[in-house]
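**Student:** Once you have looked at the hints, place chain H on chain X.
Number of protein chains: 2
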Amino acid sequence: MPAAPIERFLRSLHAKYAGLHDGVVATYIPELAKADPDWFGICVATVDGFVYAVGDVDQEFTIQSISKPFVYGLVLDDRGTEYALSKVGVEPSGDAFNAISLHKSTGRPLNPMINAGAIATTGQVVADTPAERSRRILEMFAKYTGRPMRIDEAVYQSESLTGHRNRAIGHLLRNFDVLTGDPTADVDVYFQQCSLLVHCRDLALMAATLANQGINPMTGERAIRDEHVESVLSVMASCGMYDSSGGWIYNVGMPAKSGVAGGVLAVLPGQLGIGVFSPRLDEQGNSVRALEVCRELSRHWALHQFNPPYCPQTGRRLVYTGADRNSSRMRHPADYARLERLGRVIVVVELQGNLAFASIEPILRQLDGGSAIEARSLILDFHHVSGINDVAGRLLAELAGDLRRRGTNVSFTHSQRLPGLRDAVESHLGNDPLVAGLFRFTSTDAALEWCEDELLKGVEPDRFLRIQDLREFELTTDLTEEELDIVAALLVPRRFADGEYLMRRGEAAGSLFLIFKGIVAVQLGTGRNAEQRLASCSTGTMVGEMAFLDGKERSADVVAEGDVECGELAVRGFGRLEQSAPGLYAKLLRNIALALAAKLRKANRAALVLGAVRDQDGA
Amino acid sequence: MPAAPIERFLRSLHAKYAGLHDGVVATYIPELAKADPDWFGICVATVDGFVYAVGDVDQEFTIQSISKPFVYGLVLDDRGTEYALSKVGVEPSGDAFNAISLHKSTGRPLNPMINAGAIATTGQVVADTPAERSRRILEMFAKYTGRPMRIDEAVYQSESLTGHRNRAIGHLLRNFDVLTGDPTADVDVYFQQCSLLVHCRDLALMAATLANQGINPMTGERAIRDEHVESVLSVMASCGMYDSSGGWIYNVGMPAKSGVAGGVLAVLPGQLGIGVFSPRLDEQGNSVRALEVCRELSRHWALHQFNPPYCPQTGRRLVYTGADRNSSRMRHPADYARLERLGRVIVVVELQGNLAFASIEPILRQLDGGSAIEARSLILDFHHVSGINDVAGRLLAELAGDLRRRGTNVSFTHSQRLPGLRDAVESHLGNDPLVAGLFRFTSTDAALEWCEDELLKGVEPDRFLRIQDLREFELTTDLTEEELDIVAALLVPRRFADGEYLMRRGEAAGSLFLIFKGIVAVQLGTGRNAEQRLASCSTGTMVGEMAFLDGKERSADVVAEGDVECGELAVRGFGRLEQSAPGLYAKLLRNIALALAAKLRKANRAALVLGAVRDQDGA
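Sequences listed follow chains X and H, in order. Going by our numbering, the first residue of the first sequence is number 1, and it counts up by one from there. Going by our numbering, the first residue of the second sequence is number 1001, and it counts up by one from there.
Quick caveat, the hints were computed from the structure, so don't treat them as lab data. Note that the coordinates shown come from a computational prediction; the quantities given were computed from them, not determined experimentally. Where hints are given, some of them may not hold.
[Unchecked claim] Beta-carbon label-pair distances, calculated as ranges:
| id | chain 1 | residue 1 | chain 2 | residue 2 | range |
| --- | --- | --- | --- | --- | --- |
| 1 | H | V1024 | X | P433 | 19 to 25 Å |
| 2 | H | E1374 | X | R417 | 27 to 33 Å |
| 3 | H | R1495 | X | A323 | 40 to 46 Å |
[Stated by the list, open to error] Using 25 Å as the maximum straight-line C-alpha spacing, the simulated DSS-like pairs for lysine-lysine come out as follows:
| id | chain 1 | residue 1 | chain 2 | residue 2 |
| --- | --- | --- | --- | --- |
| 4 | H | K1552 | X | K599 |
| 5 | H | K1104 | X | K602 |
| 6 | X | K552 | X | K457 |
| 7 | H | K1602 | X | K552 |
| 8 | X | K602 | H | K1599 |
The C-beta atom is built at its ideal place from N, Cα and C for all residues, glycine as well.
Just chain X, with the same shape it has in the complex:
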């Protein structure tokens, strides 16, 4: 559904300029003179494929000169930039559209937007026959509009009957060998190209396709290679509006192209496309109403391309360290204390938005000079990145290489949606084993867990607990020796091999487990692929303690990762303590409550880290 404020403004614009009757319909070919001078349509198409449409938006008319930049784009795709530039220049001529502005010695037309340049361009479309050339041009336009294209035969015949000046241009171009075949045939294809029928919606979608890096936002089909979009838009910007191109950029600030049938399209790269249609033209051959509409749209919505949004958009969303926030691994309180003390050497940077030179440069500057110097591990999280170009990927690969030389381990996480990142990194680093290392962890949580493990290993080698270490657990920390003996007697030693389940979701909850050695994962889903790892628990922690509180069934699966040794404490045994050792029973309950309170504090603290970084973002 359209946004009401947008639609309302377009309707008011349409009403306002429907009253403008300046200008005259083109009459240089009789067929054009048959247009209803009051036809008036306005369309705005977004790069996500929504089209706002007001007025005569489905009335067909001939594309005329608006075809020129698109055929130029086809030639760029067919032949490459160098070849295209050898045939036609890119400088504004300062002359009218039908001037024969050829370079004195080479015969090269000044630009592809004047008729001479457009005819020269059409003649370069790769084809064996004129008919094939026409067909390829029609197919190309169909990709931009998303519908089959056809030619207005009457206009084509009319153009052909009266087009002597263009035929003269064709012969001159043949004389200079800019055209190399039968120039009459090339000019004929040009007449057909100009006689293509479009409507106002088409214009907006064609413009939006250029705004969207060459991909039609409605069909998802590519109409032109992305590296050629900037060239097409450049000739539109410098020469698109005949000899008022300078004033157009000054007033409207978008690359645009107009045609004598009354169409105008304008492109705001990366953002939207505009199509306007009204047949009355000014002296330069541009639609009078379309000019006014584009000018007012640009002003009212601040679309001038040289007037970008106020603040630069940073690519940095959030920075925190391993001291501020932990992975989902549950650890012994002593390990948490170590991470709080030492975790600053693990740095996590969440990136966001579109990563390109200007959004990535400040991040490189910060990481290269600042925090990352002392970091042993740097995790770059791409979860909130909506797009990344080659440049940003390459710069990040360079950063990773530099940091490795300083001994910092780098991970790129949550980058699966961004194949361009991996491509850019691979093309920069080649077969360097660093590449595999960068993409080793899919999630930040997994990377963070690994970094924490590495850090803790450095402080204390892999450890395990024995039954005489029972007091190490939060559950038993304040028990007397006698009470410890009672609990120890209730504990059933258990061993689990890698992949074995300690408990399964939905089962009755009959016990808790104290982990003496190894790691268990808490996960959801059945089958290996559907599993979602929620958290993990390592030596010195307990799992399944809700069994002692609510008697409900298990809410998740718990599975051993590697060999696990633990002690199982059954609810039944625990329950008997209520009578036999009520003091111990209450202590255990209190300790479970305290462990929950500690987890809650941790969760609140993690939320606060997010909150604190919000302010950093906003600053």
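**Tutor:** This is chain H only, laid out in the frame that chain X set:
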């Protein structure tokens, strides 16, 4: 500190083109010929004020034609656009820089970048005397460079001695009344303007100032009104590089200006400024090395303005409803259940980035048509918004007006850093009481709390509990009648007036409170202003329960908001139960643990909402 990959590339560029010796130093005035042809500097300045500098970046040279767009900007500020356009046009001339391209009948120079247009422009700077005009021009440049400016007297004298062609232009302009005073004096000021000494760093900062909407990113000082920046950049884009402007846009894609002393500056709006200096010129009068450097910078870093980052940047960061996530108010479990059932009518949208037409339009479309239609309350959160322009503010004000007519209550939260939003809303809605309503809540949490209260009021009027309702509390929900009586006997009824403290941070924790009526706030900080409201608790909840677990001091203040009635349960009384009623004692401990587990589940669920929306973001 500079980012190594950026600095490295600039050094490699400098090394590569230091070997390029094409072109010749300008000799049309003798002083310029004294330049060392090997001088070569490259600077890139970011819109946050960092300058990358390689080579001869502090070597001074005269600004020459690079002064033209800046003086044009000064005239726009002094006289307005309409007046400026009446004196000088904005169309490329297709001729060389010193051509006398005046409109045949009006004598209006074609554009401000050719000498005729520049002299006409200089003559419009508001001043009573030529000396004042010179001084104002120097002061203007000092704002762009952030340092005092001075003129190279030798070059100025040299220009003045040889500048007959420019004097001729001055007289012609006087003849047509484009200049209205003594043309010799105007041309003299023009010579001084061209003789201004700048270095390569200056050029980059001048460019970055234009990229930064007219504000010098190093000093924070405004050099030109923001609405005129686009006009200055437009004349640079269409006419800045003499008669190779079309090729420049095609190859480099940034508005730029060059001078015959060998300087070139280029602007990527919103992103960065480039300055390059090397005296050898090509036939068009542009520095040969500077052209190559800019072309390669543009290609290597994908800076072409018609080649924007791949994906459009949406202004929507996160959407959730009052059913997914609650405010920090602690409520009775029954109220939580109601919110889970009914909360979908409260919609929160977190916005992000730069809000302008293209980033706000998809949000309007979604809210106008979709979720907000059924919403009773819509909260727009601006915490992550880095900037907003008038257009986006106006469109949001329109949306709010439309939604109000449908009965939806709208709040704009966390918008204090964005005075432009309030300005835009006020200028659109005027004195409409809606404005005060929109900005009523500073935080999303406060707005959400209010929306929840309103929603719950609709279901059940303000309620309160009495001692016979004791079983309503989580603490006591499964007690027998006898146990309830024991607890009731231990409870001390307490009343607190608005602002009275139930507990203070740091005090010994001697009791918990069951809230029978009213609301208490949990907050940090001393004194009214320093307070940070962490959460609040309403009827049916308990507060201070950690006292029963860890015996530590209070971690926050708790204060009554309005009249509060509650029951206080002392730790001492609770402790005696361990002996007298051990079953009850264990039940209370278990219930505290269960309440903590419920809070933990809520915290984890809120984190999951964030996680889920991450995926939505990424999609």
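**Student:** Check each numbered hint from earlier against the structure, then list the numbers of those it violates in ascending order.
**Tutor:** 1, 5, 6
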